[in-house]
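Line by line, the protein sequences give chains A and B. Per my numbering, the very first residue in the first sequence carries number 1; after that it's consecutive. Per my numbering, the very first residue in the second sequence carries number 489; after that it's consecutive.
Derived by calculation from the structure, the hints in this document are not laboratory data. Here the structure is a predicted model, which means the values were calculated and not measured. Here a beta-carbon is modelled for each residue, glycine too, at the ideal position from N, C-alpha and C. Heads up, some of the hints might be wrong.
Said to hold, decoys possible - Quick list of the computed label-pair ranges, beta carbon to beta carbon:
| id | chain 1 | residue 1 | chain 2 | residue 2 | range |
| --- | --- | --- | --- | --- | --- |
| 1 | B | E716 | A | E176 | 15 to 23 Å |
| 2 | A | K8 | B | S808 | 42 to 50 Å |
| 3 | B | R867 | A | H466 | 39 to 47 Å |
| 4 | A | R285 | B | T860 | 55 to 63 Å |
Stated by the list, open to error - Dumping the calculated PhoX-like pairs for lysine-lysine here, alpha-carbon to alpha-carbon at most 20 Å:
| id | chain 1 | residue 1 | chain 2 | residue 2 |
| --- | --- | --- | --- | --- |
| 5 | B | K511 | A | K8 |
| 6 | A | K23 | B | K496 |
| 7 | A | K205 | B | K693 |
| 8 | B | K909 | B | K868 |
| 9 | B | K949 | B | K868 |
| 10 | B | K693 | B | K711 |
| 11 | B | K693 | A | K162 |
| 12 | B | K650 | A | K205 |
| 13 | A | K207 | A | K224 |
| 14 | A | K11 | B | K499 |
| 15 | B | K659 | B | K695 |
| 16 | A | K318 | A | K263 |
| 17 | A | K8 | B | K718 |
| 18 | B | K949 | A | K8 |
| 19 | A | K11 | B | K496 |
Protein chains: 2
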Amino acid sequence: MDAAEFRKRGKEMVDYIADYLEKIEKRQVFPDVEPGYLRPLIPDCAPQDPESFEDVFKDIEKIIMPGVTHWHSPYFFAYFPAASSFPALLADMLCGGIGCVGFSWAASPACTELETVMLDWLGKMINLPEEFLAGKDGQGGGVIQGSASEATLISLLAARTKTIRRVQLEKPELTEADIMGRLVAYASDQAHSSVERAALIGGVKMKNVSSDDTFSVCGSALKKVLDEDKASGLIPFFFCATLGTTPCCSFDKLLELGPICNKENIWMHIDAAYAGSAFICPEFRHLLNGVEFADSFNFNPHKWLLVNFDCSAMWVKKRSDLTGAFKLEPLYLQHHHQESGLVTDYRHWQIPLGRRFRSLKLWFVLRMYGVTGLQDHIRKHVRLSHQFEHLVLQDERFEICAEVVLGLVCFRLKGSNELNKALLKSINEAKKIHLVPCHLRETFVLRFAICSRTVESTHIKFAWQHISQLATALLKTWEQNHHQQLQQ
Amino acid sequence: MDAAEFRKRGKEMVDYIADYLEKIEKRQVFPDVEPGYLRPLIPDCAPQDPESFEDVFKDIEKIIMPGVTHWHSPYFFAYFPAASSFPALLADMLCGGIGCVGFSWAASPACTELETVMLDWLGKMINLPEEFLAGKDGQGGGVIQGSASEATLISLLAARTKTIRRVQLEKPELTEADIMGRLVAYASDQAHSSVERAALIGGVKMKNVSSDDTFSVCGSALKKVLDEDKASGLIPFFFCATLGTTPCCSFDKLLELGPICNKENIWMHIDAAYAGSAFICPEFRHLLNGVEFADSFNFNPHKWLLVNFDCSAMWVKKRSDLTGAFKLEPLYLQHHHQESGLVTDYRHWQIPLGRRFRSLKLWFVLRMYGVTGLQDHIRKHVRLSHQFEHLVLQDERFEICAEVVLGLVCFRLKGSNELNKALLKSINEAKKIHLVPCHLRETFVLRFAICSRTVESTHIKFAWQHISQLATALLKTWEQNHHQQLQQ
Ligand SMILES: Cc1ncc(COP(=O)(O)O)c(C=O)c1O
Ligand SMILES: Cc1ncc(COP(=O)(O)O)c(C=O)c1O
Numbered sequence: 001m002d003a004a005e006f007r008k009r010g011k012e013m014v015d016y017i018a019d020y021l022e023k024i025e026k027r028q029v030f031p032d033v034e035p036g037y038l039r040p041l042i043p044d045c046a047p048q049d050p051e052s053f054e055d056v057f058k059d060i061e062k063i064i065m066p067g068v069t070h071w072h073s074p075y076f077f078a079y080f081p082a083a084s085s086f087p088a089l090l091a092d093m094l095c096g097g098i099g100c101v102g103f104s105w106a107a108s109p110a111c112t113e114l115e116t117v118m119l120d121w122l123g124k125m126i127n128l129p130e131e132f133l134a135g136k137d138g139q140g141g142g143v144i145q146g147s148a149s150e151a152t153l154i155s156l157l158a159a160r161t162k163t164i165r166r167v168q169l170e171k172p173e174l175t176e177a178d179i180m181g182r183l184v185a186y187a188s189d190q191a192h193s194s195v196e197r198a199a200l201i202g203g204v205k206m207k208n209v210s211s212d213d214t215f216s217v218c219g220s221a222l223k224k225v226l227d228e229d230k231a232s233g234l235i236p237f238f239f240c241a242t243l244g245t246t247p248c249c250s251f252d253k254l255l256e257l258g259p260i261c262n263k264e265n266i267w268m269h270i271d272a273a274y275a276g277s278a279f280i281c282p283e284f285r286h287l288l289n290g291v292e293f294a295d296s297f298n299f300n301p302h303k304w305l306l307v308n309f310d311c312s313a314m315w316v317k318k319r320s321d322l323t324g325a326f327k328l329e330p331l332y333l334q335h336h337h338q339e340s341g342l343v344t345d346y347r348h349w350q351i352p353l354g355r356r357f358r359s360l361k362l363w364f365v366l367r368m369y370g371v372t373g374l375q376d377h378i379r380k381h382v383r384l385s386h387q388f389e390h391l392v393l394q395d396e397r398f399e400i401c402a403e404v405v406l407g408l409v410c411f412r413l414k415g416s417n418e419l420n421k422a423l424l425k426s427i428n429e430a431k432k433i434h435l436v437p438c439h440l441r442e443t444f445v446l447r448f449a450i451c452s453r454t455v456e457s458t459h460i461k462f463a464w465q466h467i468s469q470l471a472t473a474l475l476k477t478w479e480q481n482h483h484q485q486l487q488q
Numbered sequence: 489m490d491a492a493e494f495r496k497r498g499k500e501m502v503d504y505i506a507d508y509l510e511k512i513e514k515r516q517v518f519p520d521v522e523p524g525y526l527r528p529l530i531p532d533c534a535p536q537d538p539e540s541f542e543d544v545f546k547d548i549e550k551i552i553m554p555g556v557t558h559w560h561s562p563y564f565f566a567y568f569p570a571a572s573s574f575p576a577l578l579a580d581m582l583c584g585g586i587g588c589v590g591f592s593w594a595a596s597p598a599c600t601e602l603e604t605v606m607l608d609w610l611g612k613m614i615n616l617p618e619e620f621l622a623g624k625d626g627q628g629g630g631v632i633q634g635s636a637s638e639a640t641l642i643s644l645l646a647a648r649t650k651t652i653r654r655v656q657l658e659k660p661e662l663t664e665a666d667i668m669g670r671l672v673a674y675a676s677d678q679a680h681s682s683v684e685r686a687a688l689i690g691g692v693k694m695k696n697v698s699s700d701d702t703f704s705v706c707g708s709a710l711k712k713v714l715d716e717d718k719a720s721g722l723i724p725f726f727f728c729a730t731l732g733t734t735p736c737c738s739f740d741k742l743l744e745l746g747p748i749c750n751k752e753n754i755w756m757h758i759d760a761a762y763a764g765s766a767f768i769c770p771e772f773r774h775l776l777n778g779v780e781f782a783d784s785f786n787f788n789p790h791k792w793l794l795v796n797f798d799c800s801a802m803w804v805k806k807r808s809d810l811t812g813a814f815k816l817e818p819l820y821l822q823h824h825h826q827e828s829g830l831v832t833d834y835r836h837w838q839i840p841l842g843r844r845f846r847s848l849k850l851w852f853v854l855r856m857y858g859v860t861g862l863q864d865h866i867r868k869h870v871r872l873s874h875q876f877e878h879l880v881l882q883d884e885r886f887e888i889c890a891e892v893v894l895g896l897v898c899f900r901l902k903g904s905n906e907l908n909k910a911l912l913k914s915i916n917e918a919k920k921i922h923l924v925p926c927h928l929r930e931t932f933v934l935r936f937a938i939c940s941r942t943v944e945s946t947h948i949k950f951a952w953q954h955i956s957q958l959a960t961a962l963l964k965t966w967e968q969n970h971h972q973q974l975q976q
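Between the sequences and the hints, there should be enough to build the whole structure, so can you do that?
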């Protein structure tokens, strides 16, 4: 395929994508396929000779689409949103076209510099303390990671190195292995599994801190476990606070937790993967109060800020904490400018070496929506979740299971976990909408997350009517069964 | 921006990218900007109100392009190639349009299933032993990682868990921290820095094994250090063999190393980040002999197989080794089919949770080039590197520093490191072509890597003439200086 054919096919692809997104509502949100569906549909091995674009193109509808879960359907209410917008798609095309690999400043200066400045823009939008910004010569700054999981891992690793160095100075009798064996990381029992995974990868212990009845971790809970662990010779070194937990979007109490971490020399990382985008609205910014105590902070524009995956924004107060944990400099990656202070080599900030020009997506989205356009998007989603909440509350058979703060509603039928599992099953088998569940303590709960950029009030009403009808049908057979069981 | 505007702007972007790539040769390969160039060119913060696409678009040439290193210019001979092709760009557009996040089978079955089958296709193309393929019910299989660094890290972590479990059974008196403190990973002194980094992240020791005069690690070198380390109570657990080292594209001797690793219960990972693509040509496949002894194998189609970044292909013999190292299952990520055996949840195979639909790129590229088209691409690059090698060899002032096997030529002026540093400086300051250096032992060497998809024999000739002229000019002043120094 040459440039001339690319012009033609690229335009066809643009139309295909526009059609797909414009009419996505008409597609069944969750596919019908069974595991293993795809293999029999395609050849056993790659063709020897080139096939035409037409051949490949027609297989998209035949082979791919039947197996796609349509994350951007307005009937998709599962997980958390995956961001998507036209400006981001355009930027990603450009990113592919330029195709640079920006692991160092010299490998493509624009790629590094736009990223630093975009993270400053974004930091200012959520009113991050100055210390987290790169500015002209700050010690802090931002970086785009591929995922929140990587941001948590990177901060845990930086904290590990920093703590080992400090303890080695204080207690020279301890070997590195001794210290590693005593390090403990902490996070809420509501924290995302990526925190436990980061600790597993880093080879350190990890303990859950009990959340309170609003599913938030408060200062006293952290203090209790720290005191116990220190008394038994362990070394607490890392706490991951969550703003907007995955199960129910609860918020850890930063203003209580932060001072404890600072006093105890514990690195505080904040994972606001989903909720962070909301902090661009002044009315939600108070949820971030206490960030001034943190060492690192992360949220995912690729979840809720209309920037397509992958774009996870992370800031640190001291960039040297990250680079100090990893810096390795083979000659072929060194370059003329690197000691100039002005230069950032982002490969020292991340797990992979290579990196795409992802800041283009942020640049396009921030400019073409403007702050107000993005605030409108967040506010619409929050409004719709409250609409759903009210519909649930009007139906006595149901209950709301956690405070609705942003775009997630946790709800259930008053009744057993079994009943609610049956309800979720009937919802997902009907495939008119798509949801996933969670556990809040021992309770099985349905999560209704406002996801699609194009979801409107009518879709919420439809979803609720549908759920309510399925509940009616379910309760009928359920009571009959129950009745029969009583009679037997 | 609505779908209608996206149709218009998307097509403009397609044309822009086609223009960029068609005329890339006319752009100076390396930019003129100094560190910090970009910040003064754009506002201090994001705009409140939306800007038009035109405004953003015109800034691409004004603000971005002046700071771009043009990786796809036929005058770019630095690092290793970054793959780019039109079919891959089209597939990536589609990937963005669908915008699913395929962390589990249910999150988008097509995303998972196409990946498994594409990695089987690719595995067959390089004639990987059957055990590495997923097939219908194999124990092995492939996965797309974001980078070779991640593949190395993942395999090191899997090896670490496996070894800790084994040693705990054999020596119950050792704690996990004791075992961690004794684990040692190994790689060639020529290995990529990502191996050392993986060990750093995993919290284990790492030692270099000395390579021989062809910069390859042979069995006896590994055996020597293993014997020493075992004698001093350490636990060797991981060896990363490199096929195609970054400095000079040398090859570790798998057929000697593999049996040693197998005997000693050491996980052998093969990093063929760059060279792996060449194994699709039967005449280069012998370089992979011995892969049958490995536990995991990785190469980057995003380097040399025309699949745009990021697409790093990794295979394991036992998928349970990977998933066993990480598996954590919160309820909101569980789904109906997951215990069916047929189902792969790729999040257990990787560091991040989220993942894009990257296998589309492989599917498009493999079909639209066909195996023969891709072989042609590899063979052309290898031919061009030999062309350059011959040009160097015809000039007595120069020498070749390592055997030219694939698309990389290591060369230098006969003379001091200082002289060669001065030559590289004059090449890169002229900015007609772009190269990076490396060290081979104590020797400073220039690396000439065939990179661009569109590079032709004429570009090689031009590059050589240019280098040769700069060398003539340099040697003149150098000798004058030398002469003056002698006289002083
Ligand atoms: C609170 C929280 N943290 C982390 C993650 C993981 O995000 P990623 O896929 O970017 O690693 C999620 C995903 O839903 C999340 O909700
Ligand atoms: C041998 C080798 N391994 C690993 C890498 C790192 O690759 P990635 O950027 O995919 O992590 C490179 C990059 O040049 C390499 O040459």
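Open item on the list: Please verify whether K205/A and K693/B have alpha carbons no more than 20 Å apart.
Closed with: holds (19 Å)
- [ ] Please work out if K11/A and K499/B have their alpha carbons no farther apart than 20 Å.
- [x] holds (5 Å)
Open item on the list: For K650/B and K205/A, compute the direct alpha-carbon distance and say whether it is at most 20 Å.
Closed with: holds (18 Å)
- [ ] Could you grab the alpha-carbon distance between K318/A and K263/A and see if it respects the 20 Å cut-off?
- [x] Roughly 18 Å between the alpha carbons, so the hint for K318/A and K263/A holds.
- [ ] Note whether the CB distance of E716/B and E176/A lies within 15 to 23 Å or breaks it.
- [x] Holds, since E716/B and E176/A (Cβ atoms, about 20 Å apart) stay within the stated range.
- [ ] Assess, step by step, whether the Cα of K8/A is no farther than 20 Å from the Cα of K718/B, and give holds or violated.
- [x] It is violated: about 62 Å lies between the C-alpha atoms, which goes past 20 Å.
Task: Holds or violated: K693/B to K711/B, with C-alpha atoms at most 20 Å apart - done: holds (17 Å)
- [ ] Please work out if K949/B and K8/A have their alpha carbons no farther apart than 20 Å.
- [x] violated (34 Å)
Open item on the list: Please verify whether K949/B and K868/B have alpha carbons no more than 20 Å apart.
Closed with: holds (15 Å)
Open item on the list: So if I understand the rule, the pair passes when the alpha-carbon distance is 20 Å or less; does K23/A with K496/B pass?
Closed with: holds (18 Å)
Task: Hinted pair K11/A and K496/B, Cα distance within 20 Å - done: holds (9 Å)
Open item on the list: Quick check: does the Cβ-Cβ distance between R285/A and T860/B fall within 55 to 63 Å?
Closed with: The hinted range 55 to 63 Å holds for R285/A and T860/B, with Cβ atoms some 58 Å apart.
The structure is inconsistent with the numbered hints 3, 8, 15, 17 and 18, although it conforms to all the rest.
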